[in-house]
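Q: As a plain string of letters, each chain reads:
There are 2 protein chains.
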Amino acid sequence: MTVTSDVVGEVLQANGDYAAGFNKGALPMPPARRFAVVTCMDARIVPSKVFGLEEGDAHVIRNAGGLASDDALRSLVISHTLLGTQEAIVVGHTDCGMLTFTNDAIHAKLHDDLGADASDTDFLPFTDVEAAVRESVAKIAQTPLLPDTYTARGYVYEVESGRLREVV
Amino acid sequence: MTVTSDVVGEVLQANGDYAAGFNKGALPMPPARRFAVVTCMDARIVPSKVFGLEEGDAHVIRNAGGLASDDALRSLVISHTLLGTQEAIVVGHTDCGMLTFTNDAIHAKLHDDLGADASDTDFLPFTDVEAAVRESVAKIAQTPLLPDTYTARGYVYEVESGRLREVV
Numbered sequence: 268m269t270v271t272s273d274v275v276g277e278v279l280q281a282n283g284d285y286a287a288g289f290n291k292g293a294l295p296m297p298p299a300r301r302f303a304v305v306t307c308m309d310a311r312i313v314p315s316k317v318f319g320l321e322e323g324d325a326h327v328i329r330n331a332g333g334l335a336s337d338d339a340l341r342s343l344v345i346s347h348t349l350l351g352t353q354e355a356i357v358v359g360h361t362d363c364g365m366l367t368f369t370n371d372a373i374h375a376k377l378h379d380d381l382g383a384d385a386s387d388t389d390f391l392p393f394t395d396v397e398a399a400v401r402e403s404v405a406k407i408a409q410t411p412l413l414p415d416t417y418t419a420r421g422y423v424y425e426v427e428s429g430r431l432r433e434v435v
Numbered sequence: 268m269t270v271t272s273d274v275v276g277e278v279l280q281a282n283g284d285y286a287a288g289f290n291k292g293a294l295p296m297p298p299a300r301r302f303a304v305v306t307c308m309d310a311r312i313v314p315s316k317v318f319g320l321e322e323g324d325a326h327v328i329r330n331a332g333g334l335a336s337d338d339a340l341r342s343l344v345i346s347h348t349l350l351g352t353q354e355a356i357v358v359g360h361t362d363c364g365m366l367t368f369t370n371d372a373i374h375a376k377l378h379d380d381l382g383a384d385a386s387d388t389d390f391l392p393f394t395d396v397e398a399a400v401r402e403s404v405a406k407i408a409q410t411p412l413l414p415d416t417y418t419a420r421g422y423v424y425e426v427e428s429g430r431l432r433e434v435v
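Respectively, the protein sequence lines represent chains C and G. Residues in the first sequence are numbered consecutively from 268, following this note's numbering. Residues in the second sequence are numbered consecutively from 268, following this note's numbering.
The following block holds chain C by itself, in its conformation from the complex (with noise of 0.2 Å):
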């Protein structure tokens, strides 16, 4: 059996489990709590737990830095514009893998390692995690597309401790 299918079989076996026990029933599409998070797609940030969500609280949107990526901001503003979420918190964290390279490098690798030109894209590496928190904080307060009462807060999530601790 591949590794390919003992992940899916896990995971099919561990939502057979869930569904068995499902009993949420017909939750609505507006997140209650109206709010999101923006966080990394680390395997280590366990949102549900970190920021204590239930089914139905909130929108959480991931990506590789917990960036307020284009995408980030897109998926955003469809979250206030639909779905009524009123501020967003978005969370770094220590050790972050986007610490660890740069585009050149990363633009070798690929091209080592599959001959791929990968020149024209900017993987948005950064040296500075709390940096990169209140660059984002500070795009969701400059976009055009979110109106002025919509607010946003920064935090690191600390993945040795569990603990957020706040930035902006």
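Calculated from the structure, these hints are not laboratory results. All values reported here derive from a predicted model rather than from experimental measurement. Incorrect hints may have been included.
You can't tell identical chains apart in this list, so a pair holds if it fits in one copy or across any two.
[Said to hold, decoys possible] Derived pair list, reagent style EDC-like, types lysine to aspartate or glutamate, alpha-carbon separation capped at 16 Å: (1) Lys291 - Glu427; (2) Lys291 - Asp337; (3) Lys291 - Asp389; (4) Lys291 - Glu425; (5) Lys291 - Asp362; (6) Lys316 - Asp284; (7) Lys291 - Glu321.
Starting from the structure of chain C, add chain G where the hints point.
A: Using the frame of chain C, we list chain G on its own:
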């Protein structure tokens, strides 16, 4: 107290409880189970429960629609190239907000609400969730920035039942 401070206070309270019981130690950065999930930001999806994920298991990428957007592909390439994941599971869901609007409609609403010109933003709405999942899986399969050995599977999550249904 404003809505904002209520939410932030609740999140920090929940985080304090989580951190107080935190016993994960220093987990490694690469996902232990070597896979990534791409799914929607929808509040009703709690990936740790739906897919059976513990801290450290898998990357989770989320955006409006659960699409293999350019930013999700950026994240998947980092996930594989630098952190060793070998497969992706793409998960759309029933009752998705992306089924409820068109670009013209959200552009008009942003103009009416905020006087904003969003006409150059594609919000990536779709009319068929299974087709959207298939398209995302195909994009992952076709990108030259992931190797041929990297695999992707697609599912629809039923928010009414908690169950995953295979698409591709």
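Q: Could you run down the list of hints and mark each one as holding or not?
A: Verification of the hints:
1. Lys291 - Glu427: between (33 Å within a copy, 8 Å between copies)
2. Lys291 - Asp337: neither (33 Å within a copy, 33 Å between copies)
3. Lys291 - Asp389: For Lys291 and Asp389, neither the intra-copy (40 Å) nor the inter-copy (33 Å) Cα distance is at most 16 Å.
4. Lys291 - Glu425: between (31 Å within a copy, 12 Å between copies)
5. Lys291 - Asp362: between (35 Å within a copy, 15 Å between copies)
6. Lys316 - Asp284: Classified as between; 9 Å across copies, 19 Å inside a copy.
7. Lys291 - Glu321: Answer is within; shortest intra-copy Cα gap is 10 Å, inter-copy 21 Å.
Against the hints set out earlier in the document, violations occur for numbers 2 and 3.
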